[in-house]
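J.: Assemble the complex: chain C is given as a structure, and chain F must be docked to it using the hints.
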Amino acid sequence: MSTDIGADIGAPAAKQPLADRESFLAKVFLLPSIIYIVALVAIPFGLAIAFSFSDITAGDPSFDWAGLRNYRAIFDDPTFWRSLYNTLVFTGISMVLIVVLGKVLANILVANFRGKWLVRFAVLLPWTTPVALSTISWLWLLDNVFSPIDWVMRRVGFLGPGENVYWLAKPWTAMGSVIAVHVWRLVPLAAVILMAGLVAIPRDIDDAARVDGAGFWRRMLGVTLPLTMPVIAVAGLFGAIMTFTDMAVVYVLTRGGPTNSTQVLASWAYFRGIQGGDVAQGAAIALFLFPLLLAAAVAILRSVRRMETL
Amino acid sequence: MADVVEVRDLRKLFDSTLRRGRGGKVHAIDGVDLATEPGEYLVLLGPSGCGKTTLLRTIAGLEEPTSGEVLIGGHVVNGLPPRARKIAMVFQSYALYPHKSVLNNITFPLKAAKLPPDKQRERVRWASELLGIENLLERKPRQLSGGERQRVALARALVREPRVFLLDEPLSNLDAKLRAIARDELKRFQQRVGTTTVYVTHDQVEAMGLGDRIAVMQAGKLRQLGRPVEIYDDPADTFVATFIGSPPMNLVPRDKHLVGFRPEHLWPIENVTAPDRITMPFHIERVEYLSGDRHVYGTIKGIGEETRVIARLPSTIDTPISADELHDFSVRAERLRFFDKDSGLRCDPVPLT
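The listed protein sequences derive, respectively, from chains C and F. Anchor point for the first sequence: position 66 equals 66 in our numbering, and the numbering is continuous, going up by one each time. Anchor point for the second sequence: position 221 equals 221 in our numbering, and the numbering is continuous, going up by one each time.
With the rest of the complex left out, here is chain C (with noise of 0.2 Å):
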C-alpha cells in the first residue's frame, strides 16, 4: 500500500490524465474567449483603423491607399461636429441622470415593504426588453400627432385644444426624448449595480451612525456615498458607454433628425458608411469613439482596484 502511494509521488505528470493537468485546461478554458475577442473585437478594429485610411466604398471593395484623406473630409463637415457635440452631451446629461435615479431605484430597491418583488420586476423591466422593441414603443408616445404623452398633456391643461409638442419635430424636444430614452433603459442597470454596492456595506456601520446621533442626510452624504463611492463610478461609466456607442435608440426615434440636429457619432458612422456607402469615412468617423471608450475602460478598471483596497 505505502509503496503504491510512493510511487505515485514519484511520477505525478506522466500518470496525470490530459483532464486533471492545469496547464492544458488554463489554455483549453482561456481559448473560447480569446477566438471571440480576436474575431469580434481585433479583427473588426484593425480593419476599421486600415478601412480609414483607404478609399473603400459599397461599389469599390479594392483597397486604394488614401493617406488621410478621410479624416480630412470628415473634419470639413459639420454634421461630423454636430455628432461629435450630441455624442458628448448625450452622454454627460444621461450618466448624470443615470446614476442620480439609479440611486434613488437602489434605496428603493433595497428598503423593506410589502410587494417589493413587483417593484423590482417593474423596475428591471426595461432593462431586459430589447432596445430596439422598447425605443419603438417610445416612437409610438412620442408621435407627432398621436402622442399619448400630449393627449394627458392636454387633459391636465398644460396644451390646448388640438395642440401636439412635436416631440420628435424640433431639435431642442428630439434631443431630450433621446436623452430620456437613454435614461429610461439604462436606469435599472445601475440601480441594480448600485443595490449591490449598498447591500455590502456593513449594517453595523449604519446602525453605528444612527447611534452616532446622525440623521438621513448626513448619513447618507457622510457614510454611504463615500463608501459606495468606486461602485457609483462603475455604474456611472457602464451607463456612460451604453450611451456613447448606441445607436439603436437615435436610429429608430429620429435618424439623427430634424436636420441632424440629434446625429451621434454611432448614427453619423452608420448612415455615411453603410447607408451611403462611404466605408471609409464611416470607418474613420466611427473611430473617434475610441479614446474616449479607452479613458472609461481604464477609469472602470481604476474603480475596481479601489474597491479592492478599501
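For the record, the hints were derived by calculation from the structure and aren't laboratory data. C-beta: ideal position from N, C-alpha, C; glycine also. Each hint should be verified, as a subset may be incorrect.
Said to hold, decoys possible - Distance ranges between label pairs, derived from CB positions:
id, chain 1, residue 1, chain 2, residue 2, range
1, F, GLU129, C, ALA196, 39 to 49 Å
2, F, LEU80, C, TRP117, 24 to 34 Å
3, F, LYS25, C, PHE121, 19 to 29 Å
T.: Relative to chain C, chain F alone:
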C-alpha cells in the same frame, strides 16, 4: 446623576424566515422586565440566539419592540430614533467608518450634534487621552490592530458624553490575552466615567468579572437577575446553574427533584471535615490537570440516581486519585441546591437520608 435604563414587559417578534408565508413568528424577546441602577454596569448574559443583542438594539432604538416600553432616565423612548435617545453603542465589529481617519471617526458624533469646532477639538482630545490613542488619530481603521480599533470605538462612543453606554460583545474579536487586559481597562474606564452601562456577552468570565449585576437570558426570557455571587451560588433554575460555572454545576436526579452542587465543592472525604458533610461513593474514570486544578470525571451513587459528575480539586488538595478507583467523596449540605425536576426551578431542600 447617572440615568437609569428600564424595560417593561418588552416583547419582540420576528417573522420566521424558515416558515415564511405560514405566519411563523419567533419570540426574540418574550416579556422581559429589567431596570438598571444609576451608574450600574449591567451585563446581559446568555447563549447565542437568546435575545440579548435584540434587547440591546431595542434599547438603542435600532429595533422597535412589538410591545412593551423602553425607558431611559425615566422617560418612555419608544418610537424615538436612536439619535434622540442620547445613547452610545459599541458594536461587536466596532463598525468604524472605514473611509474616515480615527480623528474623523471620533469627531463624527460631535459634528452630528453640531458642536462648535473648538468644543469638538477639546472633546476629541479628552477622549483620545483617556483611551491613549492620541498617536493614532491620523490613521485609517484598517491600519489599526484589534485592540486599537476597540479603543477607537470606545472613544467614539464616549466623546459625546452619552446618558447610557450599550456594548455588544466588544471583546469577542480580541485574542485571549488582549481580552483579559481590555476587560480590566473597560471596567476601570466605566468606574471613572460612571455612566450606566449595559453590556452584552455570551462569555460568563466577562460577565462575572465586569458586571455589577448579571441578567441571565435564555430563549427570549430573563432567567435570573442578580450580583455575580448570587448568580453563581444561588442559581434560580437549572439553566442558570449549568450555564454559569466551568465545569457546570452537577445535577443528580432524585425522585421528583434534582440535587445540585458545584464541582469545586465535591472533595475527597478526608478533606471535608465539617459535620454536615454528605458522603457518596465516586467511581473515578478520568483525571485532567488544568492550570493547577484537578478535574475528576466519574459517576456517583448514593444521593440519587447514578450520575456522571465532575469534581474540581484545587492544588492544595493532594489526596492521591487515579482512574478506575472507587473513592468516597463528600459535599457539605449547605452547598447543596435543590431544583424541581419538571420545571427546573429552585425549590426547598429535601432530606437526603
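J.: For this structure, which hints from the list above don't hold up?
T.: none
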